[in-house]
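Asker: Residue strings, one per chain:
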Amino acid sequence: MRKTILLITLLILTISSIFVGVQSISIMDVFDLDSNQSLILWSTRVPRTISLIIAGATASVCGLIMQHLTQNKFVSPTTAGTMDSARLGILVVMIFFPNASNINRSLIAFIFSFLGSLLFIQLINLLPHKNQVMVPLIGLMFGNIIGSVVTFFAYQFQLIQNMSSWLQGNFATVSRNGYELIYVSVPLLLIAYVYAYQFTLVGMGRDMASSLGLNYRLIQLFGLGIVAIASSVMLVTIGNLPFLGIVIPNLVSLYMGDQMKQTLWVTAGAGSAFLIFCDIISRVIIQPFEVPVSLVVGIIGSVIFIILLLKGGEK
Amino acid sequence: MEIKKVSKLYGSRQVVDGVDLEISEGKLTALIGPNGAGKSTLLSMMSRLIDKDIGEIYLDGNEVKSWKQNELAKKLAILKQSNHVNLKLTIRELVAFGRFPHSKGRVTQKDSEMIDEALSHFGLTDIQDQLIDSLSGGQLQRAYIAMIFAQDTDYILLDEPLNNLDMNYAVQMMKILKDLVVYHGKTVIIVLHDINFAASYADEIIAMKDGKLFLHDDTEEVIKKEVLDRLYDMNIKVCEMEGKRFCLYFN
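Sequence order for the protein chains is A and B.
To convert, note that position 170 of the first sequence is 170 in my numbering; the numbers rise steadily by one, no gaps.
In my numbering, each number is its position in the second sequence, counted from 1, plus 315.
A couple of the hints might just be wrong.
Quick partial rundown of chain A residues pointing at chain B, CB under 7 Å, derived from the structure [what the hints assert, rightly or not]: (1) Y255; (2) G257; (3) Q259.
Think of the hints as simulated: they come from the structure by calculation, not from any bench.
Since we're looking at a predicted model, the values are computed, not measured.
For every residue, glycine included, the Cβ atom is placed at its ideal position computed from N, Cα and C.
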């Protein structure tokens, strides 16, 4: 029932996303477009909507995986240093290989984000008692340290403006030939689904997972790898989307529990719907101009985040 | 299962000190001893959850280190004292995890039957769809043990499973464990704090003190005043009623 409602919502939002914009294209004359409308539809609206669906799904599933890998509800690529490490990678690319392609950029970003998240996992393993609040706090601090290194060198090399554009998720620049890299996330989501049961086991902690025959470290590394690739691709093609990876998995968990095999696609769908919704707002709020979608995601996301925190505190 | 000269150091403290043991197959063995005697540590080393510093532990003739993780999980199950699972799972989902070593998450007909059996064995069938974060301590403990039961291993290691259980459930739990030994041929090794439960249900008792093996013998040989007084450094009365021994240590 809930799944059906989600699916219908997603469908309605997808259709609205395709037909909302400065250039009016009516859903009525889909089969009778002039060449200009057709160009806009196929070179920006459709790519934009597809990338929104994929990015929303990827960001929330990445968060979900990270939460299981760290046994903490408030960890996501944005609060575990993953995103900041990826940015460090991009900075390195900009300094040393300014003409690198998007694929190479993602590759370097992936290596950095993987190592960064690995370091984070090692850090929290050192914590004597994994406090629910301490872990994301350490993640934020860790991310900020890397972030300040990035800022320092970006400043030295006069790349500040260029770098800060990587910070903000923005779909306005998405058009044909340039966003296709994000399709890499689709097979990653499928792999994540295949291993969803294992990730849930990791979420039960090292001792429990090991005694049930799971190679804990291996699955943890594997999960981190998936998250690092997906996050890097996201950062290179779209940018950073704050809170999405925390808010959506937590909301879904509230209603559907934490067995990832049951919740992965719902989390993905809810992430897509939420992101499309935010993107439509970002497009209509100051028409004919746009605000970056990360701004809208950040505002709505942080409000939900605070509500979740307060609700969690009541228990 | 054979334990040979096993030691474990935490910093400079010798938590387990040169323990030599042979666990009898198909028996219920209770591990007793004062706090900090190294019982839980020994249990964790037997199940490979923590590394030992010195010594060897053989399971079916092979060092536990050389076992493949998944094969070990089909042979031996362990439940530790504190399990900080903060996932929202239903009891049934939790118990189903016990089948993971066998089916890798694809639940077969046989798995479902085992899960159903485990649920009914521990009186959880009616509440199987409740979330584990809404359970009382006793219910949660039973749910974990049902998971271990579903894992269907030859060896079952439990660290203080009677924690959080009221008298009624504690007795039921011990009876079920005894059943597993008598009718299913399992080997159960269990850390107990209440020596009376050990006296009533265990076939053999391993007593530990200060990281060392104090005594390993049949239950009748351990539940004796002269042994227990020295083990716990207190004055314990041992009396007999209906052929079972009881220890009085409350005053």
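Asker: Are the hints correct? Go through all of them and say.
Answerer: Here is what the structure says about each hint:
no., hint, in the structure
1, Y255, "violated, 10 Å"
2, G257, "holds, 4 Å"
3, Q259, "holds, 5 Å"
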